[in-house]
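Quick note, the sequences are listed as chains F and Z, same order.
So the first sequence is numbered by this note's numbering: it starts at 1 and just counts up by one.
So the second sequence is numbered by this note's numbering: it starts at 1 and just counts up by one.
Heads up, a few of these hints could be off.
To be verified - Label-pair distances were calculated between CB atoms; the ranges are:
hint: 1; chain 1: Z; residue 1: G70; chain 2: F; residue 2: A386; range: 34 to 40 Å
hint: 2; chain 1: F; residue 1: D349; chain 2: Z; residue 2: E375; range: 48 to 54 Å
hint: 3; chain 1: Z; residue 1: S6; chain 2: F; residue 2: A90; range: 45 to 51 Å
To be verified - Simulated coverage check for chain F against chain Z, where a stretch passes if three residues somewhere in it have a Cβ under 8 Å from a Cβ of chain Z:
hint: 4; segment: 223-235
hint: 5; segment: 318-328
hint: 6; segment: 335-344
hint: 7; segment: 353-363
Hints are computed from structural coordinates only; laboratory data are not their basis.
As the structure is a prediction and not an experimental result, all values here were calculated from the model.
The beta-carbon is built from N, C-alpha and C at its ideal position, and this holds for glycine as well.
2 protein chains.
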Amino acid sequence: MPVNLSAPLASDLHPVAGVRIGVTEAGVRKAQRKDLTVFLLDEGTTVAGVFTQNRFCAAPVQVCREHLDGGQAIRAMVVNTGNANAGTGADGLARARATCEALAGHLGLAASQVLPFSTGVIMEPLPHERIAAALPAALADAQPGHWARAAEGIMTTDTLPKAFSTQVQLGGATVTITGISKGAGMIRPNMATMLGFLATDACIAPELLRPLVRELADQSFNRVTIDGDTSTNDSFVLMATHKARHAPITSLDSAEGRVLKTALLEVAQKLAQAIVRDGEGATKFITVRVEGGQTGEECRQVAYAIAHSPLVKTAFFASDPNLGRILAAVGYAGIADLDQTKIDLFLDDVHVAVQGGRNPAYREEDGQRVMKQSEITVRVVLGRGAAVDTVWTCDLSHDYVTINADYRS
Amino acid sequence: MPVNLSAPLASDLHPVAGVRIGVTEAGVRKAQRKDLTVFLLDEGTTVAGVFTQNRFCAAPVQVCREHLDGGQAIRAMVVNTGNANAGTGADGLARARATCEALAGHLGLAASQVLPFSTGVIMEPLPHERIAAALPAALADAQPGHWARAAEGIMTTDTLPKAFSTQVQLGGATVTITGISKGAGMIRPNMATMLGFLATDACIAPELLRPLVRELADQSFNRVTIDGDTSTNDSFVLMATHKARHAPITSLDSAEGRVLKTALLEVAQKLAQAIVRDGEGATKFITVRVEGGQTGEECRQVAYAIAHSPLVKTAFFASDPNLGRILAAVGYAGIADLDQTKIDLFLDDVHVAVQGGRNPAYREEDGQRVMKQSEITVRVVLGRGAAVDTVWTCDLSHDYVTINADYRS
Numbered sequence: 001m002p003v004n005l006s007a008p009l010a011s012d013l014h015p016v017a018g019v020r021i022g023v024t025e026a027g028v029r030k031a032q033r034k035d036l037t038v039f040l041l042d043e044g045t046t047v048a049g050v051f052t053q054n055r056f057c058a059a060p061v062q063v064c065r066e067h068l069d070g071g072q073a074i075r076a077m078v079v080n081t082g083n084a085n086a087g088t089g090a091d092g093l094a095r096a097r098a099t100c101e102a103l104a105g106h107l108g109l110a111a112s113q114v115l116p117f118s119t120g121v122i123m124e125p126l127p128h129e130r131i132a133a134a135l136p137a138a139l140a141d142a143q144p145g146h147w148a149r150a151a152e153g154i155m156t157t158d159t160l161p162k163a164f165s166t167q168v169q170l171g172g173a174t175v176t177i178t179g180i181s182k183g184a185g186m187i188r189p190n191m192a193t194m195l196g197f198l199a200t201d202a203c204i205a206p207e208l209l210r211p212l213v214r215e216l217a218d219q220s221f222n223r224v225t226i227d228g229d230t231s232t233n234d235s236f237v238l239m240a241t242h243k244a245r246h247a248p249i250t251s252l253d254s255a256e257g258r259v260l261k262t263a264l265l266e267v268a269q270k271l272a273q274a275i276v277r278d279g280e281g282a283t284k285f286i287t288v289r290v291e292g293g294q295t296g297e298e299c300r301q302v303a304y305a306i307a308h309s310p311l312v313k314t315a316f317f318a319s320d321p322n323l324g325r326i327l328a329a330v331g332y333a334g335i336a337d338l339d340q341t342k343i344d345l346f347l348d349d350v351h352v353a354v355q356g357g358r359n360p361a362y363r364e365e366d367g368q369r370v371m372k373q374s375e376i377t378v379r380v381v382l383g384r385g386a387a388v389d390t391v392w393t394c395d396l397s398h399d400y401v402t403i404n405a406d407y408r409s
Numbered sequence: 001m002p003v004n005l006s007a008p009l010a011s012d013l014h015p016v017a018g019v020r021i022g023v024t025e026a027g028v029r030k031a032q033r034k035d036l037t038v039f040l041l042d043e044g045t046t047v048a049g050v051f052t053q054n055r056f057c058a059a060p061v062q063v064c065r066e067h068l069d070g071g072q073a074i075r076a077m078v079v080n081t082g083n084a085n086a087g088t089g090a091d092g093l094a095r096a097r098a099t100c101e102a103l104a105g106h107l108g109l110a111a112s113q114v115l116p117f118s119t120g121v122i123m124e125p126l127p128h129e130r131i132a133a134a135l136p137a138a139l140a141d142a143q144p145g146h147w148a149r150a151a152e153g154i155m156t157t158d159t160l161p162k163a164f165s166t167q168v169q170l171g172g173a174t175v176t177i178t179g180i181s182k183g184a185g186m187i188r189p190n191m192a193t194m195l196g197f198l199a200t201d202a203c204i205a206p207e208l209l210r211p212l213v214r215e216l217a218d219q220s221f222n223r224v225t226i227d228g229d230t231s232t233n234d235s236f237v238l239m240a241t242h243k244a245r246h247a248p249i250t251s252l253d254s255a256e257g258r259v260l261k262t263a264l265l266e267v268a269q270k271l272a273q274a275i276v277r278d279g280e281g282a283t284k285f286i287t288v289r290v291e292g293g294q295t296g297e298e299c300r301q302v303a304y305a306i307a308h309s310p311l312v313k314t315a316f317f318a319s320d321p322n323l324g325r326i327l328a329a330v331g332y333a334g335i336a337d338l339d340q341t342k343i344d345l346f347l348d349d350v351h352v353a354v355q356g357g358r359n360p361a362y363r364e365e366d367g368q369r370v371m372k373q374s375e376i377t378v379r380v381v382l383g384r385g386a387a388v389d390t391v392w393t394c395d396l397s398h399d400y401v402t403i404n405a406d407y408r409s
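Given the sequences, and given the hints that come with them, work out the whole structure.
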């Protein structure tokens with residue numbers, strides 16, 4: 001059961017002018033499953049993306065990087081589930097390219113104007129002929145209002161589709177932002193997650209899109225972790241269709257730039273957090289906030305050590321305030337000159353440890369009360385500086401083991 | 001159920017001349033449980049130790065370091081289970097020192113000649129009065145033949161005591177090596193594990209003991225991991241009583257030095273591997289060998305990424321050859337210039353991936369056959385150099401979650 005997350009209502013998701021979406025069943029791995037999604041982007045749309053830092057990155061990730069670097073306008077994207085096309089060598093690259101060529105052929109585009117995305121099992125050959133055969137049905141389905149269908153079409157072990165949408169006023173025009181994501185397992189994005197798609201009709205100078213997508217990923221998808229496993233296929237894409245009728249944004253630090261960035265970040269964070277809320281076996285949503293570091297980097301180091309500790313995660317699952325496990329994780333996070341006598345630990349409002357030891361005023365029942373909640377904030381104060389950073393994660397439950405010990409989940 | 005490991009027979013454990021051991025019930029956390037062990041060392045014994053690199057190291061670890069650095073001969077050690085005396089601040093240090101003073105008082109020693117060790121729950125005050133009250137019973141129990149009792153006396157969530165013993169001939173004399181360890185959870189030793197004690201009656205130049213204990217730890221306890229959590233209390237101690245009647249060893253590179261080191265390492269590795277075989281919930285013992293790295297360090301980086309991946313560990317639990325998960329872990333291990341097209345993967349004798357892609361000759365049933373074994377070797381060839389390193393780990397099962405989600409395990 002996802003933690004405080006429900007399926008989006010199609011009516012809550014604003015279409016983004018310039019984006020049409022079609023979804024169909026290609027039978028990539030299983031029959032009668034929406035497993036193929038195409039995005040069609042009007043002329044004038046600009047696209048930027050960030051991708052996994054995993055050195056075993058999948059073939060589609062390599063092709064996406066090539067096509068985005070190639071400089072031709074991206075006009076379509078094709079997403080399949082059921083097969084990650086990763087660990088597939090040169091043959092996998094050829095199949096990813098063939099998929100782009102097939103879609104480009106239908107649309108009168110060059111193959112380099114198409115971005116391919118795959119998610120699913122690793123080290124199996126992609127059945128690209130089945131994808132090619134299903135493209136006409138996907139194209140026939142294309143509509144601006146199909147964001148909820150797309151959120152469903154990119155799911156793998158997700159239990160719920162994930163989509164968020166918002167609108168802001170910019171220079172007298174209404175600007176729409178809508179996005180979808182999927183996650184579930186192998187989630188420790190390093191640059192982005194598998195998969196996030198965010199579109200806006202805002203008018204924004206094309207050269208701003210690349211730094212913007214990095215900044216959004218860094219503050220959203222790159223701050224969540226479920227199991228510490230960085231996927232081979234993580235991809236996060238930002239599309240701007242420039243259809244809203246406001247003066248173009250030429251700086252992210254202008255008043256309009258800040259309004260847009262804040263709204264985009266809000267949607268990106270909700271999409272990223274939705275992945276954690278629907279993490280494999282998750283029963284709790286945990287915010288790990290580390291304060292008082294010398295750098296943001298060391299705050300993240302400590303936050304990830306806590307967020308990845310199987311002992312901490314099982315204690316959350318059990319609602320057991322066995323909070324020494326959190327101190328142990330802080331201690332092995334890799335800060336060589338960390339002084340344990342300066343460290344404080346809070347669980348929501350409860351002050352658990354003071355100067356590296358148990359707070360004399362701490363009572364077990366207070367820790368217990370917070371541990372029973374479905375949303376918990378762990379706050380560690382390092383006492384070394386002014387830097388702060390936050391990571392979102394979930395607990396480790398029996399269901400995580402069950403889901404991942406199912407034969408070829 | 002431990003993986004291919006059974007309890008030691010007391011008759012298989014050779015006493016080490018110069019070492020006596022006493023075990024009793026102090027009621028540290030639970031009644032009617034052997035939870036207090038003392039080691040008494042004859043005059044002339046030399047002792048060296050390595051301890052956790054966790055910055056939240058426990059009070060007894062801090063006192064051990066002080067006493068070993070102090071230069072006075074170590075003549076006794078006191079080990080309690082049930083309470084780790086970690087995350088306990090200045091008060092914890094005072095309680096660890098009081099325990100040393102109490103034992104030293106009985107023996108007519110200085111407190112600085114006693115090493116204290118604690119294992120158990122973190123962030124609870126050590127009931128040092130109960131330990132002091134039980135010391136006379138422990139001392140009355142002291143015998144050279146009590147190694148099996150000691151192995152039992154230091155257990156926490158271990159399901160079996162762990163002890164190994166061997167004898168070698170050195171310069172016409174029989175030299176004995178006997179050791180015990182405990183583990184179970186929070187196991188990713190960084191310098192040593194919680195807890196390992198290794199004794200020999202060999203005559204070895206005292207200045208060699210410190211480099212020797214580091215080398216032994218590096219090749220044994222520092223190469224095992226269960227859950228990636230480095231304990232606050234890891235301690236590995238080597239005692240040499242100099243009672244065997246051979247000429248003193250003055251170089252570890254002499255013929256005798258090498259014989260002794262090999263025998264010590266054999267026992268240390270068995271003790272370390274026993275911890276993995278009895279890892280919390282373990283059903284499989286997995287050797288991860290990484291070859292062809294530029295440095296040993298990068299081989300270990302890759303080996304630990306595989307050994308810590310919850311997705312890899314649950315696939316082993318399920319006997320599911322979902323081996324793309326191993327490639328994904330190789331890819332995110334942090335080698336920035338790793339070339340995926342040079343990587344081969346083997347599961348025992350089965351060649352799974354070649355040049356970063358699935359081996360065309362690989363058949364699912366071959367992978368399945370190996371995955372069903374209780375002992376499996378994962379071999380990754382990086383194709384970058386000549387370095388090799390090995391790490392031992394276990395799978396991640398439902399029982400790991402059950403054990404650690406028990407309230408205050």
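Taking the hints in turn, this is what the structure says about them:
The beta-carbon spacing between Z:G70 and F:A386, approximately 39 Å, falls within the hinted interval of 34 to 40 Å. Checking the proposed 48 to 54 Å range against F:D349 and Z:E375 shows it holds: the Cβ atoms sit about 49 Å from each other. Taking the beta carbon of each, Z:S6 and F:A90 are about 49 Å apart, inside 45 to 51 Å as hinted. Coverage of a stretch by a chain is defined here by at least three residues with a beta carbon nearer than 8 Å to that chain's beta carbons; for the segment 223-235 of chain F and chain Z the count is 6, and the condition holds.
Check on the segment 318-328 of chain F: 8 of its residues sit with their Cβ under 8 Å from a Cβ of chain Z, so the three-residue criterion for coverage holds. Three residues within the 8 Å Cβ limit are the bar, and the segment 335-344 of chain F against chain Z gives 7, so the coverage statement holds. Counting residues of the segment 353-363 of chain F whose CB lies closer than 8 Å to any CB of chain Z gives 5, so the stated coverage by that chain holds, three being the minimum.
When the structure is compared with the earlier hints, no violation turns up for any of them.
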